Each structure stands twice: as C-alpha cells, then as structure tokens.
Amino acid sequence: MRNWRVLVGGALLLALLIAAVFAPALAPYDPLDQDLGAQLVAPDWHFAAVGHFLGTDSLGRDLLSRLIWGSRVALTVALVAGTLTALLGTLLGLAAGFFGGAVDVLISRAVDVWSSFPPVLLSIILVALLGTGLWSVVVAIVVIDWTRFCRVVRAETLKQERMDYVAAAVVAGLPPRVILWREVLPNLLPLTLVLLTLEMGIAVVVEAILSFVGLSISSDVPSWGGMIAEGRTVVHEAPWILSGAMLVLLATVLGFNLLGDGLKAELDPVLR
Amino acid sequence: MLARRILLRLVQAVPTLIGVAVLVFVLVRVVPGDPVAMMIPPGASADDVARLHALYGLDKPILTQFAIWAKQAAVGNFGISITSREGVAGLIASRLPATLELVALAATIAIVLGVALAAIGTRFAGRSGEAAVDAVSGFALAVPDFVWGLGFIVLFGVIWPILPISGRADPTHALDLATNFTLTESVLRLRLALAGEVLSHMVMPATALALPLAAMIARVLKSSLAEQMAQDYVLLARVKGFSRWHVILREALRNAALPTVSLTGVQVTFLVGGTVLIERIFSYPGIGNLAIDAVINRDLPLIQGLILTFAALFILINLALDLSYAALDPRLRHG
Numbered sequence: 001m002r003n004w005r006v007l008v009g010g011a012l013l014l015a016l017l018i019a020a021v022f023a024p025a026l027a028p029y030d031p032l033d034q035d036l037g038a039q040l041v042a043p044d045w046h047f048a049a050v051g052h053f054l055g056t057d058s059l060g061r062d063l064l065s066r067l068i069w070g071s072r073v074a075l076t077v078a079l080v081a082g083t084l085t086a087l088l089g090t091l092l093g094l095a096a097g098f099f100g101g102a103v104d105v106l107i108s109r110a111v112d113v114w115s116s117f118p119p120v121l122l123s124i125i126l127v128a129l130l131g132t133g134l135w136s137v138v139v140a141i142v143v144i145d146w147t148r149f150c151r152v153v154r155a156e157t158l159k160q161e162r163m164d165y166v167a168a169a170v171v172a173g174l175p176p177r178v179i180l181w182r183e184v185l186p187n188l189l190p191l192t193l194v195l196l197t198l199e200m201g202i203a204v205v206v207e208a209i210l211s212f213v214g215l216s217i218s219s220d221v222p223s224w225g226g227m228i229a230e231g232r233t234v235v236h237e238a239p240w241i242l243s244g245a246m247l248v249l250l251a252t253v254l255g256f257n258l259l260g261d262g263l264k265a266e267l268d269p270v271l272r
Numbered sequence: 001m002l003a004r005r006i007l008l009r010l011v012q013a014v015p016t017l018i019g020v021a022v023l024v025f026v027l028v029r030v031v032p033g034d035p036v037a038m039m040i041p042p043g044a045s046a047d048d049v050a051r052l053h054a055l056y057g058l059d060k061p062i063l064t065q066f067a068i069w070a071k072q073a074a075v076g077n078f079g080i081s082i083t084s085r086e087g088v089a090g091l092i093a094s095r096l097p098a099t100l101e102l103v104a105l106a107a108t109i110a111i112v113l114g115v116a117l118a119a120i121g122t123r124f125a126g127r128s129g130e131a132a133v134d135a136v137s138g139f140a141l142a143v144p145d146f147v148w149g150l151g152f153i154v155l156f157g158v159i160w161p162i163l164p165i166s167g168r169a170d171p172t173h174a175l176d177l178a179t180n181f182t183l184t185e186s187v188l189r190l191r192l193a194l195a196g197e198v199l200s201h202m203v204m205p206a207t208a209l210a211l212p213l214a215a216m217i218a219r220v221l222k223s224s225l226a227e228q229m230a231q232d233y234v235l236l237a238r239v240k241g242f243s244r245w246h247v248i249l250r251e252a253l254r255n256a257a258l259p260t261v262s263l264t265g266v267q268v269t270f271l272v273g274g275t276v277l278i279e280r281i282f283s284y285p286g287i288g289n290l291a292i293d294a295v296i297n298r299d300l301p302l303i304q305g306l307i308l309t310f311a312a313l314f315i316l317i318n319l320a321l322d323l324s325y326a327a328l329d330p331r332l333r334h335g
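Protein sequence lines, in the order shown, are assigned to chains A and B.
The opening position of the first sequence corresponds to residue 1 in our numbering, with each subsequent residue numbered one higher.
The opening position of the second sequence corresponds to residue 1 in our numbering, with each subsequent residue numbered one higher.
Check before you lean on any hint, since a few could be wrong.
To be verified - Here are the in silico distance ranges between beta carbons for each label pair:
(1) Asn255/B with Trp114/A: 28 to 36 angstroms
(2) Pro176/A with Ile40/B: 30 to 38 angstroms
(3) Trp245/B with Asp268/A: 34 to 42 angstroms
(4) Gly126/B with Pro28/A: 32 to 40 angstroms
(5) Asn255/B with Ala155/A: 21 to 29 angstroms
What the hints assert, rightly or not - If you want the ones that stay clear, here's a sample from chain B, every Cβ over 10 angstroms from chain A, calculated:
(6) Pro15
(7) Leu17
(8) Ile62
(9) Asn77
(10) Ala104
(11) Pro144
(12) Ile159
(13) Arg191
(14) Val203
(15) Val239
(16) Gly273
(17) Ser324
These are calculated hints, taken from the structure and not from any lab test.
Keep in mind that this is a model prediction, so the values were computed, not measured.
Think of the CB as a built atom: it goes at the ideal place given N, C-alpha and C, for glycine as much as any other residue.
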C-alpha cells in the first residue's frame, strides 16, 4: 500500500481500536468517578502521576478517561450499524440488479423516495418513535442509510451481468443462484468494502449527534456526543471539554474518510 | 401559463400532505409511552390521569382522534402544544421565519462560495491553484456540518471571540419589529445596526450549514465547466481577446449551470433538514430547535404540526426548483 491516505486513515482508526479495546487499562481514572473538589479543572499538559491531562468536567470526572471509554460507544455503533446497513443495502441492491423487472422497480422506487428525506431530521423522528437508546440509534442508521449501498450495488451488479464471465457461466449451465453468489458477489466486495468504511464514519457522527441532543445512550455512559453537549453549555468556562470531544470525533471521521477514499483508489484498477 | 402550472402543482401537493399527516398521526400513536406523562404531577391518582387523557381527547379511538384533528387542521387549528400550552400553529409561525432566513443565508453562502471555488479551479486548471481548490472542497465535504458548527464555536466564540455563539439577537433590548423575519425587516427598515447584529448571530450557523454544500457545488460545477472550456465557442472567445475570467464567468458558467442547479435544489431540502441540528448547537430560535424539544418532551400535537411544516417546505422547494429549470433551459419552457 503506497497510498498515504490508507496509512494515515488506518493509523487513526488503529488508535481508536486500541483505545476502545484496552479502555480499562489505558484510562488513568474511572470515567464515572466524580471528584467534586476538582470541577472544571483545566488541562494539565505534564505527564504527572496524578493530575488531569485533558482536564475535568463539571462533576470533576477525568476527560481523558471519558474520551477513551467513549470510543467504545463510537466503535460499537460504527461496527454494528455499519455492517448491518451494508448487509441490508447490498442484498437489496443485488436483488434489484440481478432479478430486474418488478423487484427492481419496487426497490428502486423505495430508494428514490427514501433518500429524498433529510437524514438528520429522519433519524431524530425515528428515534423519537423507537424510544431513546443505543439500539434505536443503530436501527435508525440502518433504516436510513441502506439506500447508499443499494443504489451503488444495483448499478454495479447490472454492469457485472453484462460481462463475459457471466455469459460464460450461463453457457456452462450454472444456475442463476450460483452465478449470483459465486461469480458476481465476489466482484462486488471491494466496492462494498469502500462504502462500508465511509458508512462507519457516518454512523459515528450520527451517534454523536443523537447523544448530543440526548436521544442516544443514557447519560451515565460516557459518549463523545454527551461530552459535546456538556461542553457546549460550559464552553466559556471550560472550552477544553467541547474542544477535546470535537477533535476526537473529527479525527475519527477523517480516519474513516481517508481510509475509504484510499481503499477506493487502491482497489480500483483504473484509478491505480 | 406559468400561473396555471404553479396552481396545478400546488393542488397535486395536497394528497401528499394528507398522506404525510395520516402516516405521522398513526405512527406517533402506536409507539409506547404516555404523551401526558410529562404533565402528571407526582402523587396524581389514576382518576386524574384519566381526566387528563379525556381533556386532550386521548381516550377516543385513533380514527375519531384523526377526524377531530383533520377537521380542525383544515381551518388552520393544529391543536395545543402539550408542553408550552400554546397553539401549535402560532408557535410554528413565530419560529418559522428564523429558520427560513437561516436557510436562505446558508444557501446564498454555499452558492457564492461554491461558484467562486469552481471558477478559481477552472481558471487555474492543471496548476497548483486547482489542486488547492480540490483540497479545500475535499476537506469541507469530509467534515460534517455538526463538527463545523462546534469548531466555529470554539474558534470564533471562545479562542478569538468575535461572534456571538447563541440566539438570534442580543436579548437585552427589544427588537421592536412587526414580523419575525428579523433580518429581512431590519434591512428593509434600514436599521442597519440591528441588521448587522442579527447577521453576526447568523453567520456561524449559516456557514456551518453551507460548507459541505459549497464543496459539492464546487465539484459538480468545476467538472461541468471543464466540459464547456473544451468547446469551440470558448476558443473563439479567447481568440477574440476576452480574458479567461470573462470567458469562464460570462460565457461558460451559464451553459454549465444546469447540473449544479439541480444538485443545489435537491440539497436545499437537506439544508432545511440540517437546520434542526445547527439550530440546536447555536441555540437559534427556529423550528428545528423547536422540533428537538418537541421530540424530547413527546409533545405529540407539536411533532405532528412540525413534520407537516417540514413536508410542506420540501414540496414548495421542489416546486421552486422546477420553475427555475424552466427559466434556465428554454427547451423546458415550452414542453
């Protein structure tokens, strides 16, 4: 991989993964431990044994620890919601492209109507209907974003179907089911992988947004969106709360975007 | 001719709105949770709760509830907000102007910035100027409007505090205006100090909303401009001695505009959707902020009214878009 975007994006996401997996070992404090004697303490940029490297919030909780633990929420949503969205969208896109006819018309029309709604508004309405919580957020992301995969996979399936190898498989007498799974699907995987990477970035932002407005995970679990909400209310007294959570979110989003764009360039023989 | 077409489209919109109304009405009623839960004081008896349900008609069958609601809605009464006890229609009407002005400002910023970026990229095609434009628009697109908004608050509200970070005007003095179109009215009344103050409140949320769209406009317009720049009429204009800027802005731009107009039109819908979050971040008193409060408080009448308002807005935007195609492309005018 000579592509710098893959390297930088991958490095950012690797750091996120390490933070999430080893949160108990990495976090200097318990993220829920309140220290009412140390409220809104400013960042202390010395690596002292005691002290708060990134400062504390209005309940005296250590911000670095909360950011590290918050990466678990972000990564969970990215993996679960991203994968489920990819599965649903890819299957429907394959079906529309491969079977054509009424199936295609039905699915394509659904994609058109669905994607004409503004996603943020739709996700807030959906979570309002489903009730707040992390799983509602996951469902909302899947229900809204499957069209991203469906549209692209459908178009790519139509393109693959016209290729010689599919004609050869038909002549060889393979049943359609086998052609779809064994021949066409493997050729769609690189594209799906790129979309999945980008979708994970979107999922992280959507979760942060819904935590920010108070419609995601309960407020006693540390999440970046929750920290942003608190940081916004005390932004003049303690700008480091909002800044820290925002920069971590930004780095994550850019990580997924860089990796996705880089993979697209690496996996596409024409672009390479 | 034109008037007839607008009228026809408005009539066609009515069934869509009724469909949205039915859907929303059913959806908010089948979900679990008691809509009057927020109003029940501690220690209320089951009898009190039942009386509260009867007061808001929540004890009747869904169909009856819908019939009552539809009859009232037809004459402009959308019920009473459960949390604020104000009329839903009045509440939305008082907040809608703030959102409309924000969307209009954001769309303006996005178009000006997007066209400028595309023109600069085309002028310096194949040189470092184009690479810089691509990098800027790539970054503007990768960062979501949510993060742009928060970044602006930290940068221009705290680190270098030159702009107010919440509200729509300084709350300490009365505005003394007839409408809630604060920006438009203060400009029209030539109260420029007030207009400047309102604008200073709006510029950060509007720019946060506008940046991703500006990047999209820049990309699409730049590629259409590149196509146009390869045409013979461009070469002819250059041979006649017109400058590159003149050719790009006065000749090629108009011919390259159509794909960008259709993109912008679709995206303005998303801009309206984006205000929900941006208004929240900047404590801006529009219908988006109202919508989040309504959802958090499970204020059913208000949620219904707001979703209908958004749906009506989307329909109107699409109508305006269709008409602007006709204005841009003479072939569509007589179709």
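These are the hints, each one checked on the structure:
no.: 1; hint: Asn255/B with Trp114/A: 28 to 36 angstroms; in the structure: holds, 33 angstroms
no.: 2; hint: Pro176/A with Ile40/B: 30 to 38 angstroms; in the structure: violated, 59 angstroms
no.: 3; hint: Trp245/B with Asp268/A: 34 to 42 angstroms; in the structure: holds, 35 angstroms
no.: 4; hint: Gly126/B with Pro28/A: 32 to 40 angstroms; in the structure: violated, 52 angstroms
no.: 5; hint: Asn255/B with Ala155/A: 21 to 29 angstroms; in the structure: holds, 28 angstroms
no.: 6; hint: Pro15; in the structure: holds, 15 angstroms
no.: 7; hint: Leu17; in the structure: holds, 15 angstroms
no.: 8; hint: Ile62; in the structure: holds, 15 angstroms
no.: 9; hint: Asn77; in the structure: holds, 23 angstroms
no.: 10; hint: Ala104; in the structure: holds, 17 angstroms
no.: 11; hint: Pro144; in the structure: violated, 5 angstroms
no.: 12; hint: Ile159; in the structure: violated, 7 angstroms
no.: 13; hint: Arg191; in the structure: holds, 29 angstroms
no.: 14; hint: Val203; in the structure: holds, 18 angstroms
no.: 15; hint: Val239; in the structure: holds, 35 angstroms
no.: 16; hint: Gly273; in the structure: violated, 2 angstroms
no.: 17; hint: Ser324; in the structure: holds, 18 angstroms
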